[in-house]
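Mind docking chains B, C and D on chain A? Use the hints.
4 protein chains.
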Amino acid sequence: MKVALFGAGRIGKVHAASIKTDPRSELAAVTDVMPEAAQALAREHGIAVRSPDEILADPAIDAILIASSTNTHADLIEAGVKAGKAIFCEKPIDLDLARALEIGRLAKTHDKPMMMGFNRRFDPNFAAVKAALEAGEVGKGEMLAVTSYDPAPPPVSYIKVSGGLYRDMMIHDFDMCAFLFGMPKTVTAHGSCLVDPEIGAAGDIDTAVVVLTYADGRIATIRNSRRAPYGYDQRVELLGSEGTLEARNEIENTVVKSTAAGTVSAKPVFFFLERYMRAYAIEWSAFVDACVEGKPVPATVQDGVNALALAEAANLSFREGRPVEVTPAMTGA
Amino acid sequence: MKVALFGAGRIGKVHAASIKTDPRSELAAVTDVMPEAAQALAREHGIAVRSPDEILADPAIDAILIASSTNTHADLIEAGVKAGKAIFCEKPIDLDLARALEIGRLAKTHDKPMMMGFNRRFDPNFAAVKAALEAGEVGKGEMLAVTSYDPAPPPVSYIKVSGGLYRDMMIHDFDMCAFLFGMPKTVTAHGSCLVDPEIGAAGDIDTAVVVLTYADGRIATIRNSRRAPYGYDQRVELLGSEGTLEARNEIENTVVKSTAAGTVSAKPVFFFLERYMRAYAIEWSAFVDACVEGKPVPATVQDGVNALALAEAANLSFREGRPVEVTPAMTGA
Amino acid sequence: MKVALFGAGRIGKVHAASIKTDPRSELAAVTDVMPEAAQALAREHGIAVRSPDEILADPAIDAILIASSTNTHADLIEAGVKAGKAIFCEKPIDLDLARALEIGRLAKTHDKPMMMGFNRRFDPNFAAVKAALEAGEVGKGEMLAVTSYDPAPPPVSYIKVSGGLYRDMMIHDFDMCAFLFGMPKTVTAHGSCLVDPEIGAAGDIDTAVVVLTYADGRIATIRNSRRAPYGYDQRVELLGSEGTLEARNEIENTVVKSTAAGTVSAKPVFFFLERYMRAYAIEWSAFVDACVEGKPVPATVQDGVNALALAEAANLSFREGRPVEVTPAMTGA
Amino acid sequence: MKVALFGAGRIGKVHAASIKTDPRSELAAVTDVMPEAAQALAREHGIAVRSPDEILADPAIDAILIASSTNTHADLIEAGVKAGKAIFCEKPIDLDLARALEIGRLAKTHDKPMMMGFNRRFDPNFAAVKAALEAGEVGKGEMLAVTSYDPAPPPVSYIKVSGGLYRDMMIHDFDMCAFLFGMPKTVTAHGSCLVDPEIGAAGDIDTAVVVLTYADGRIATIRNSRRAPYGYDQRVELLGSEGTLEARNEIENTVVKSTAAGTVSAKPVFFFLERYMRAYAIEWSAFVDACVEGKPVPATVQDGVNALALAEAANLSFREGRPVEVTPAMTGA
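Chains as they are written, first to last, in this note's numbering: chain A, 10 to 342; chain B, 10 to 342; chain C, 10 to 342; chain D, 10 to 342.
The set of hints was computed from the structure by calculation and includes no laboratory data.
One copy or two, either will do: identical chains are not told apart, so a pair holds if it fits within one copy or between any two.
In silico lysine-lysine, DSBU-like type, Cα no more than 30 Å apart, as pairs:
| hint | residue 1 | residue 2 |
| --- | --- | --- |
| 1 | Lys-169 | Lys-149 |
| 2 | Lys-22 | Lys-11 |
| 3 | Lys-29 | Lys-11 |
| 4 | Lys-22 | Lys-91 |
| 5 | Lys-121 | Lys-304 |
Values in this document were obtained by computation on a predicted structure and should not be read as measured data.
Here chain A stands alone, though its shape is the one from the complex (with noise of 0.2 Å):
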């Protein structure tokens, strides 16, 4: 299976990793507006550095991966689908919640698979999670808590492209409720400036806590920061009706130091890249799985439109400071 990057930045050059490592899918061809980010990428790979319209025009290339910049996701998958390709494309589908529906809409119409990266789902630990639950090991879910804070906050510069926390930093949170716990009824947003007072001036939150809300009476928290000087913090915790799962983080070492000063072990590994490596290998293969074997494709555009609704619902909730019901017309479901 050949595949094209669109992307060769930060986490394009992780997907080229990814697909270097499963055997079935060889990395063909890269493609990037900084024609020297691509040229470097190409080079450690003894890859061509291709246009994007020679790459939709080759059929040997059998699937894009879109790692380029968000503004471009929505655009790049009209045109993979156009161009019959299988389709990855990193989160989120697009800002905008009207235009993610359309590709949601174009998604239906697509017979080659199309997967979105929510990479946390394909976290060892979360993963787990998601099994015992499935398995009935805490019988039904009850309440459950999502805690993901980012070790410092973004240059405000990214911050006033960003769409805003909900939308930039929430989303992942939002898909791990709605991978554990399906969609929720309502959504209640309360957030606040605590970390940077630039991020409060750029019409943004940096601390913020969300209730969801299930029809059946489930409660889902998420708690984020963009600052929790230990690093990275990703945590979920899960409360069934015969017990409770946590996730807890991965840490540096094993090494614990006892001295007069108390007991002191490693922090939590620092950041998305060494927290989630291995879940980025694991979600390609998923992907590769779902073109070579027809399976199903775990993270669809749905669930990237999912997530995006309540965003924009935990957006409108905080700006109304009010309970906010999720309504199929936001997800197009």
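Just chains B, C and D now, with coordinates in the frame of chain A:
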């Protein structure tokens, strides 16, 4: 310091033991509406059963400890104030906020120590969180998460007279938030009946999430369930600008067993008597400190009013499906 | 059951509290070579100071608890046997194995319960290891590792009269091995002076490793140090044919702090009074069980002889630099 | 840097992957006595199968990686030295100490990097213990305890040609002690056959404890078992004058499940390929560092001789039931 105990039930017995542990206090008398209960406790401790009136009239009694049923608390506090006694009262002051506010006003006129039995403030784990926060060990507090699950729901007969989950169970957690973060600006409550349909039929909930927001942007979340099959789950987690503090559960023993089935460690200690046994003794000594050494009372009647006001706000928020603002009128502050 | 206490020092006070905690036993008298110590303890508990002879002659005294200095133990046991008392004696019986063997023979002739204060057998963590092993939860035992470090060395004046590390400190660990694995076939001792050169100058060691081998091939290791800067380190680890059991340290509180400096949790509880406080109470109740209910004594005089025999074998092994066989002559068994 | 691989078995495949991961090294050829194994690996990596002679004669080959069976190691090292290649060799040099000493002398004459595959030195957890010890974080080292259990014994056919537990299995742990504490003065070995009577029938043991004593009084213990039903158990614990360092096991995932049956977390990762996968890659990069950047070799041929000398001393100690002194003649140092 001579102490008379009102109430010889389960919690009365715990307090009787605490009174004897502190060498500065002496259990001098007991009273209970159930004569046999009073007799049994009196026999065990070699003291006299006396009537409430005798106790209140006896100038040799320095302090009364109110551990009788909730509906007697406010009246006994009034009688104790009138009799000039130092007063230790189990929470809550009353299920009715207006009545609690009356007692709050009365407390301001009393010149003897009055203390509410918010035992969790004296749990060494939660107290260590408070101390670390105040020492600036994690910088300025930003988010707080209180997890508080009972091992199993009480009988529905109890639920019916309990005042509801927010006033009966979450009141401890409201106080924990007030203890660590002070009084919030808004309360948003979510709840459902997932554990026992009989609880729902009795008009109550058994699963709840409440979010508190603070004027300065801090956010606290409380999660309650009437059932945790692995035992009493009592944790606090606090994100500050420089780190996180977690108070984890105390467990039955430190043995870890590794077999082909995985690595198994002990469950949390069973329920509040086990978990908070040390807290009850420390709490009592803090009251004796206030009586004997003039130290400040670490859990005041106003703290009792405040926790009840938050429970009332949660009830209103839950009924009306909207955030409720906490006003000075609610707390009499 | 009326109990007289011999010895009002640190450990005597602990036992006095235990006697009062069990409702079936009553502290009736105390004696000590230091009259002030005896007076202080008597005053606190509202009892009488009496002479050893008075105590032994008083038929109302059912049991004596020997918590006086080691060199008095054997004589007091003999006196107690002659007086027909039940006897609880702190370890060791005597620093001299021949004298201990005499007491061991005497014990067989006494028809009242006699128990040695091997408090660690009653620690809930070690007791849980024993219970799990006996229940077959990890199959048949194969290797045992006992880690036992004091927080800081005692004064050299104490070292000089202690009988040496193997008899004074490791005797507890020899008993732990006997408790879990029974009596070994050989003892091989290694030791050095790394903590305090004064200890070496006094002819003792402060760091030691002993290996015990069993007739059926099992192997136990004991590690001792007179100094662990983070507190009392008391652990047991057992490999069985189906898994491993570890009893870890008890810690001061459950708070975990994560900052840029790492993740810090509390140190082990400071020393034996903190760690084994519960064990002392459980131990005492086991003795009362034996006296009142005729249950078997869980730590016999023979257990005391056995532990001392292993210490003697370790001394010999260390001096001669070779494995030493444990013979029936050493234990009188 | 072009590398030829000798041996296309399990460990050869691991090294082939490492060679490709470091961008400075290139896998150029493979050879194996089993032609199919060599062909399969060659096909997967797009390289040529060549004969040993061709490889050694080819001046374009900079380094050879010896991952063939133990009995070929010494001869291949000699051939590699003669051919002027940099040499990476899996442990052990040889099962015969005299032969290893010859190779040790030869190594001193070779001017290209030569490195032994003591992969555990590169495990991030053990490396962190080493770094913390060298940084003085726990003061001066006093006691070391290495725990090293395999998940299950190998086939008895392997046992018979393995050289015995001390040389085949504990050699890694001898090297770990040398890595952290240097070379000891005495070796005292204990062992038995508890896991599989067939192993005993083959003249070997499957359970062992070895104590190493150092000239300055430090003491190390090693515990080995051929079976740990919960997986590969690989831990190190070090007591220093100011604290303790523990390298704990890596576990399969971070999920913790609490139910009425207790709190269950994941098992250690299964075996050496899982546990040491990262270590193999880091180890290889260290060899490339030595070849390309002239950095010191972190695991020398002398380290290989030293570990084998300790295994020999353990064999002698076990046979004769006495401590054995480690002499300069044993290590050629």
